[in-house]
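K.L.:
Okay, here's what each chain looks like letter by letter:
2 protein chains.
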Amino acid sequence: MLGRWTAWLILCAASLLSACSTSKPPSPAEAQGQAQTVPAATLASWNDGPSRRAITDFVQAVTQPGSPDFVPAEERIAVFDNDGTLWSEQPMYFQLMFALDQVRTMAPSHPEWKTKPAFQAVLRNDSAALAKLTTRDLLQIVGATQTGMDSDQYTSQVRQWLATARHPRFHVPYNTMTYAPMRELLDYLRAHGFKTYIVSGGEVEFMRVWAQQAYGIPPEQVIGSSFAAKFEMHDGKPRLMRLPKLGFYDDGPGKPVAIQHAIGRRPIFAFGNSDGDLQMLQWTSAGAGRRFAGLVHHTDAQREWAYDRDSKIGRLDKALDEAQRQGWTIVDMEKEWSRVYAF
Amino acid sequence: MLGRWTAWLILCAASLLSACSTSKPPSPAEAQGQAQTVPAATLASWNDGPSRRAITDFVQAVTQPGSPDFVPAEERIAVFDNDGTLWSEQPMYFQLMFALDQVRTMAPSHPEWKTKPAFQAVLRNDSAALAKLTTRDLLQIVGATQTGMDSDQYTSQVRQWLATARHPRFHVPYNTMTYAPMRELLDYLRAHGFKTYIVSGGEVEFMRVWAQQAYGIPPEQVIGSSFAAKFEMHDGKPRLMRLPKLGFYDDGPGKPVAIQHAIGRRPIFAFGNSDGDLQMLQWTSAGAGRRFAGLVHHTDAQREWAYDRDSKIGRLDKALDEAQRQGWTIVDMEKEWSRVYAF
Numbered sequence: 000m001l002g003r004w005t006a007w008l009i010l011c012a013a014s015l016l017s018a019c020s021t022s023k024p025p026s027p028a029e030a031q032g033q034a035q036t037v038p039a040a041t042l043a044s045w046n047d048g049p050s051r052r053a054i055t056d057f058v059q060a061v062t063q064p065g066s067p068d069f070v071p072a073e074e075r076i077a078v079f080d081n082d083g084t085l086w087s088e089q090p091m092y093f094q095l096m097f098a099l100d101q102v103r104t105m106a107p108s109h110p111e112w113k114t115k116p117a118f119q120a121v122l123r124n125d126s127a128a129l130a131k132l133t134t135r136d137l138l139q140i141v142g143a144t145q146t147g148m149d150s151d152q153y154t155s156q157v158r159q160w161l162a163t164a165r166h167p168r169f170h171v172p173y174n175t176m177t178y179a180p181m182r183e184l185l186d187y188l189r190a191h192g193f194k195t196y197i198v199s200g201g202e203v204e205f206m207r208v209w210a211q212q213a214y215g216i217p218p219e220q221v222i223g224s225s226f227a228a229k230f231e232m233h234d235g236k237p238r239l240m241r242l243p244k245l246g247f248y249d250d251g252p253g254k255p256v257a258i259q260h261a262i263g264r265r266p267i268f269a270f271g272n273s274d275g276d277l278q279m280l281q282w283t284s285a286g287a288g289r290r291f292a293g294l295v296h297h298t299d300a301q302r303e304w305a306y307d308r309d310s311k312i313g314r315l316d317k318a319l320d321e322a323q324r325q326g327w328t329i330v331d332m333e334k335e336w337s338r339v340y341a342f
Numbered sequence: 000m001l002g003r004w005t006a007w008l009i010l011c012a013a014s015l016l017s018a019c020s021t022s023k024p025p026s027p028a029e030a031q032g033q034a035q036t037v038p039a040a041t042l043a044s045w046n047d048g049p050s051r052r053a054i055t056d057f058v059q060a061v062t063q064p065g066s067p068d069f070v071p072a073e074e075r076i077a078v079f080d081n082d083g084t085l086w087s088e089q090p091m092y093f094q095l096m097f098a099l100d101q102v103r104t105m106a107p108s109h110p111e112w113k114t115k116p117a118f119q120a121v122l123r124n125d126s127a128a129l130a131k132l133t134t135r136d137l138l139q140i141v142g143a144t145q146t147g148m149d150s151d152q153y154t155s156q157v158r159q160w161l162a163t164a165r166h167p168r169f170h171v172p173y174n175t176m177t178y179a180p181m182r183e184l185l186d187y188l189r190a191h192g193f194k195t196y197i198v199s200g201g202e203v204e205f206m207r208v209w210a211q212q213a214y215g216i217p218p219e220q221v222i223g224s225s226f227a228a229k230f231e232m233h234d235g236k237p238r239l240m241r242l243p244k245l246g247f248y249d250d251g252p253g254k255p256v257a258i259q260h261a262i263g264r265r266p267i268f269a270f271g272n273s274d275g276d277l278q279m280l281q282w283t284s285a286g287a288g289r290r291f292a293g294l295v296h297h298t299d300a301q302r303e304w305a306y307d308r309d310s311k312i313g314r315l316d317k318a319l320d321e322a323q324r325q326g327w328t329i330v331d332m333e334k335e336w337s338r339v340y341a342f
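Residue numbers (numbering that gives the first Met the number 0), protein chains in the order written: chain A, 0 to 342; chain B, 0 to 342.
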């Protein structure tokens with residue numbers, strides 16, 4: 000199973016420091032309300048362009064009664080990748096940033112880490128050594144810091160981290176680095192009767208802590224990778240323990256499998272940003288009737304990051320070819336979004 | 000993994016024929032509408048008694064604004080076991096009845112089964128040989144008949160079986176052998192803002208075919224055991240293939256794990272009928288605030304079946320002890336239900 004973590008765990012250590020170009024720290028964005036409280040869902044941060052038109056045309060076609068493409072509300076399932084699609088993923092997946100921060104926080108009570116090179120690389124912030132960490136090293140780090148506790152304890156740790164950690168480039172809490180246009184899109188879809196889901200390679204319990212506030216997506220609509228878990232009785236009280244063992248890896252071909260397992264309906268709308276989303280987009284597109292498949296293309300080095308075919312994180316190569324062949328919607332972030340973040 | 004199938008796959012072959020006491024075949028029950036269309040959700044098939052009062056007291060306490068036990072609607076999660084809790088499970092789990100029927104249907108195109116004793120036992124309806132089948136035999140039978148196809152093909156087969164197969168004792172379609180009082184309870188809870196889920200040892204794709212019609216529970220609220228699945232491209236079209244390999248076994252301690260994985264919230268209401276539901280009931284009860292835990296006790300040999308501590312199927316022993324210790328609601332089917340089935 001170890002090998003399957005590769006993509007998820009790639010550590011973009013080389014770019015970690017180089018990407019930290021300092022800019023004025025903006026004040027953290029206000030926590031956003033839930034979708035249900037948004038009075039009118041608009042796509043205000045989307046410039047008039049091909050992507051915005053593709054979205055509104057599709058939504059009109061499947062929701063207008065009498066339309067030949069009409070889809071009943073209960074089948075309006077929309078799935079979104081998270082890292083790089085709903086929030087940023089550079090210089091590395093934020094859950095890995097959390098794991099590295101946890102190593103630093105927990106080090107005093109783990110003297111045994113002093114003899115482990117992987118942990119030492121993190122603790123010394125040694126960029127050369129960090130760049131050489133293997134998947135096994137990273138799995139060891141994530142396992143040592145994010146398992147071996149119960150779900151409630153883990154949730155508290157994520158909450159604490161979000162409240163205190165700041166992104167190295169923008170100096171804001173990680174959960175404010177969500178894309179305002181995508182949040183608007185989620186609200187817009189829900190206002191038209193869609194049920195919105197996250198389907199991410201990230202770990203499901205990590206995302207649930209903040210997904211409701213950030214996206215208006217409740218815990219039961221968050222699908223992700225998972226650690227194995229075990230039910231245990233401690234002093235007559237049941238606990239769900241997180242085990243340092245992969246439960247399910249929700250990336251690439253795993254995404255349609257997870258969608259079928261958790262939802263049991265084929266989505267009619269899917270958005271991703273990388274090759275890890277290719278099969279989810281293929282699965283969605285191949286259903287009968289009108290479908291929407293979209294890719295966020297990271298083209299904005301100024302306001303966010305610019306990367307695609309050669310990126311270690313969020314590599315967009317095969318999926319970009321397929322999108323061009325199939326006529327999927329490719330969002331040019333620089334041209335089509337009037338703003339990126341809400342802050 | 001094989002051993003973990005034991006409980007789910009126990010074949011109650013000895014009781015299969017003896018239970019076939021013939022009675023006048025009633026006409027199949029009409030398909031029931033969805034919860035949303037039921038104008039007033041009542042508990043008409045529940046006699047006035049301790050179980051009915053425990054249910055209505057609980058629902059009033061958690062839904063009345065200003066009540067000290069009030070729970071917001073989005074946290075009103077109710078989970079139900081299926082076999083023996085929402086529909087019958089005798090003389091054996093209905094999905095196993097399906098597997099045996101499939102062996103008979105598929106035999107002509109599987110000449111190799113002629114040399115396999117397990118398949119021969121089914122084909123000759125040899126009750127002595129059936130009683131001796133091992134878990135491995137049964138796994139082989141289920142694997143051979145219910146995997147190796149894609150999800151759409153499997154769904155068609157279940158549909159076809161439900162349309163033609165008849166239960167050996169009541170001579171009705173299996174999906175009409177749902178409990179009318181439990182269907183009323185599901186409607187009643189939903190009318191009070193609850194989200195109702197199935198959490199069953201049965202296989203998720205099997206249940207999704209008929210759960211919406213039978214219970215008003217949509218596919219995305221059905222949680223169950225699963226076979227591993229694989230995404231494959233066939234002639235440019237994606238398919239999800241069902242593999243003859245256990246994915247997740249959703250019984251006993253697996254139920255709280257599955258609930259946390261799929262829902263990410265702890266239920267406030269849980270109903271089961273056997274030892275396989277013990278941990279789900281413990282997990283639900285141990286949450287903060289007021290909780291409801293219930294057991295259907297099969298006490299009605301006349302209208303359904305009577306069994307508990309020594310039953311091979313639906314054994315209710317440890318969970319009954321725990322229910323008595325904790326004061327959980329134990330439904331005496333014979334005394335507390337004015338009718339069992341809708342037909």
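Rather than coming from a laboratory, the hints here were simulated on the basis of the structure. Mixed in with the good hints there might be a few duds.
Identical copies carry no separate label here, and so any pair may be met within one copy or between two of them.
Keeping only pairs whose Cα atoms sit at most 27 Å apart, straight-line, the calculated DSS-like set for lysine-lysine is [to be verified]:
id : residue 1 : residue 2
1  : K229      : K244
2  : K229      : K317
3  : K113      : K194
4  : K311      : K115
5  : K317      : K244
6  : K244      : K311
7  : K244      : K115
8  : K229      : K113
9  : K115      : K131
10 : K244      : K131
11 : K113      : K244
K.L.:
Hint compliance check: list the failing hint numbers for this structure, sorted ascending.
P.N.:
As far as the earlier hints go, 3, 5, 8 are violated by this structure, in ascending order.
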